[in-house]
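Colleague: Here are the chains, one letter per residue:
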Amino acid sequence: MQFWIIQTLNSLALGGLLFLLSAGFSLIFGLMRIANLTHGALFMLGAYIGVTILKFVPNLWLAAVLAGLVVALLGALLERFILRALAGNALGQVLVTLGFAFIIADFCLVMWGGDPIPVSTPEYLRLPLIVAGVPFPSYRLAVIGIAIVTAVALYLLMERTRLGAMIRAGVDDMQMARAVGIPVSKLFTLVFALGAALAGAGGVIGGPILSAYPGLDADMLPLALIVVILGGVGSLVGAFAGSFIIGFIYTFGTALLPDLAYVILFLPMIVVIAFRPRGLFGRQTA
Amino acid sequence: METDALTLTGINALYGDSHVLHDVSFTVSAGRVLALLGRNGAGKTTCMSAIVGFLPPRAGEIRLFGETITHLSPEVISRKGIGFVPQGRRVFPTLTVRENLLVAQQNRSGIDKPWTLERVCELFPRLQERLAQHAGSLSGGEQQMLAIGRALMGNPRLLLMDEPSEGLAPLIVAEVGRTIARLKSEGQSIVLVEQNIKLAFDLADDCVMLNTGRVVFAGTAAEARGNAALIIQHLGVY
Chain A
1 MQFWIIQTLN SLALGGLLFL LSAGFSLIFG LMRIANLTHG ALFMLGAYIG
51 VTILKFVPNL WLAAVLAGLV VALLGALLER FILRALAGNA LGQVLVTLGF
101 AFIIADFCLV MWGGDPIPVS TPEYLRLPLI VAGVPFPSYR LAVIGIAIVT
151 AVALYLLMER TRLGAMIRAG VDDMQMARAV GIPVSKLFTL VFALGAALAG
201 AGGVIGGPIL SAYPGLDADM LPLALIVVIL GGVGSLVGAF AGSFIIGFIY
251 TFGTALLPDL AYVILFLPMI VVIAFRPRGL FGRQTA
Chain B
1 METDALTLTG INALYGDSHV LHDVSFTVSA GRVLALLGRN GAGKTTCMSA
51 IVGFLPPRAG EIRLFGETIT HLSPEVISRK GIGFVPQGRR VFPTLTVREN
101 LLVAQQNRSG IDKPWTLERV CELFPRLQER LAQHAGSLSG GEQQMLAIGR
151 ALMGNPRLLL MDEPSEGLAP LIVAEVGRTI ARLKSEGQSI VLVEQNIKLA
201 FDLADDCVML NTGRVVFAGT AAEARGNAAL IIQHLGVY
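Top to bottom, those sequences are chains A and B. No gaps in the numbering here: position 216 of the first sequence is 216 in the numbering used here, and each next residue is one more. No gaps in the numbering here: position 211 of the second sequence is 211 in the numbering used here, and each next residue is one more.
Bear in mind the hints are in silico, worked out from the structure with no lab data behind them. Just so it is clear, CB atoms sit at the ideal spot from N, CA and C, and this is done for glycine as well. Be a bit skeptical, because a hint or two may be false.
Said to hold, decoys possible - Now the in silico label distances, taken between C-beta atoms and shown as ranges:
1. R160(A) with Q128(B): 19 to 27 angstroms
2. A229(B) with A274(A): 56 to 64 angstroms
3. G92(A) with D112(B): 41 to 49 angstroms
4. K186(A) with G140(B): 30 to 38 angstroms
5. I273(A) with E223(B): 55 to 63 angstroms
6. S109(B) with G92(A): 38 to 46 angstroms
7. I273(A) with Q87(B): 28 to 36 angstroms
8. R160(A) with R119(B): 22 to 30 angstroms
9. T68(B) with L69(A): 56 to 64 angstroms
To be verified - Chain A regions said to be covered by chain B (calculated; three or more residues, Cβ under 8 angstroms):
10. 159-170
11. 180-189
Okay, chain A solo, but in the shape it has when bound:
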């Protein structure tokens, strides 16, 4: 019983982290039509920046916000000055994001070394929450809560504001969005920065569970890709559902059938692509 509860919570917590990572990834993919392969590196960079901030300010949440801002600034610069220069060249843009992923990974290795750096859980979330005699790891519950709050905030931003409607218009028909005067170029920078912020903050929030280590980027990026393919490019609801589905599959797959973890991970993606090429919540018109 204890095993199932813990694994379920682990699944949900991983799902929450994946949502922080893939929500931005999906929005960028949907609006700009490029897979931002830097996204995993931004997550890792956020985790390392968080480690450094925590040395001076022992507050994980503040560290997450600050790391998110730093990574957002980096994302905005990357979009504005590098990707913009390659506008219309999707392959070039994707390759540049891959190149930046390598550069960031090497930068992290130089700055923070090759050993995994644990991120300590906030004091008040170390003790498990005991409900009906069953202990629940409280930090994981907090991560799930943050993911849900973030999801609701993003949903309101995207569905209830004019800015969100403009972004969705760009996802629907970018050329037409420009032709009705929507400042699509500015939206690109904004969405890229927002996605980077979520990834960076996600890296810090994931710290106490995953810690910061070289290769964290390469571990997270494929998961984000699968989430977005499964959920549907550009769909927030898809990213949310996909994150938790993958959180469960990955956690239980690793625990129960460690040898087949990756098979179990990629199999549902293949099935979904075969029957619903646009993903579970993908836009059927594009």
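Given chain A, put chain B in place with the hints provided.
Modeller: What follows is chain B alone, placed relative to chain A:
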């Protein structure tokens, strides 16, 4: 004094290696409706694409009320005052009708009666009933009304309409025609691309005909209408 809303001078446009527009020049006078006619493939839609900035011309100049807009991006051209109703309507399918209109809203100084959500709904009462509905679920006629309303929300100084009657039932075509006539009576400058020659001649003051990417006629609609040989030669219909 009559001012020029739009002037094209020696526009050459290419899709890859294929030369689609050859030295196209014409002028749209302010407050008038100009019908841009021609067979399929004559270059009408390419002309629209060049004006709105989708396909920057290789050579030539486009001026909007005297200001050159030739190599600006579509979003800037829209903000300079060109409203675009594209071929195939291209409403944002996953946005609601209300959102389709609101995202396109632009304020422009020096306009007595700016277009608002309320005014567009008054122009097209059917949209009022469907404000909360996704645009993708509308009928073709309703989507056309939405596409026109969306362009008007930008308070355009010049409205480009690419085949607004295409694929619509006759009753809806008539309604679109009445709408264009009303916009014209309010002083809106319009370029109308149409395959429906009768509709075009009924509405237009002026007429430009394209054939294989070249201007073969530019004059008043009345002149064009009375010249059966011209119509047969360049439009292939009567």
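Colleague: None of the hints should be skipped; say for each whether it holds.
Modeller: Verification of the hints:
1. R160(A) with Q128(B): 19 to 27 angstroms: Holds, at about 21 angstroms.
2. A229(B) with A274(A): 56 to 64 angstroms: Holds, since A229(B) and A274(A) (Cβ atoms, about 59 angstroms apart) stay within the stated range.
3. G92(A) with D112(B): 41 to 49 angstroms: Roughly 48 angstroms apart at Cβ, these two residues keep to the hinted range, so it holds.
4. K186(A) with G140(B): 30 to 38 angstroms: Because 33 angstroms falls inside the window, the suggested range holds.
5. I273(A) with E223(B): 55 to 63 angstroms: 59 angstroms, holds
6. S109(B) with G92(A): 38 to 46 angstroms: 40 angstroms, holds
7. I273(A) with Q87(B): 28 to 36 angstroms: 32 angstroms, holds
8. R160(A) with R119(B): 22 to 30 angstroms: 24 angstroms, holds
9. T68(B) with L69(A): 56 to 64 angstroms: This hint is violated: roughly 41 angstroms between Cβ atoms.
10. 159-170: That given contact holds, which follows from 5 residues of the region 159-170 of chain A lying within Cβ reach (below 8 angstroms) of chain B.
11. 180-189: Holds: 6 residues of the region 180-189 of chain A have a Cβ under 8 angstroms from chain B.
Consistency with the previously given hints fails for number 9 only.
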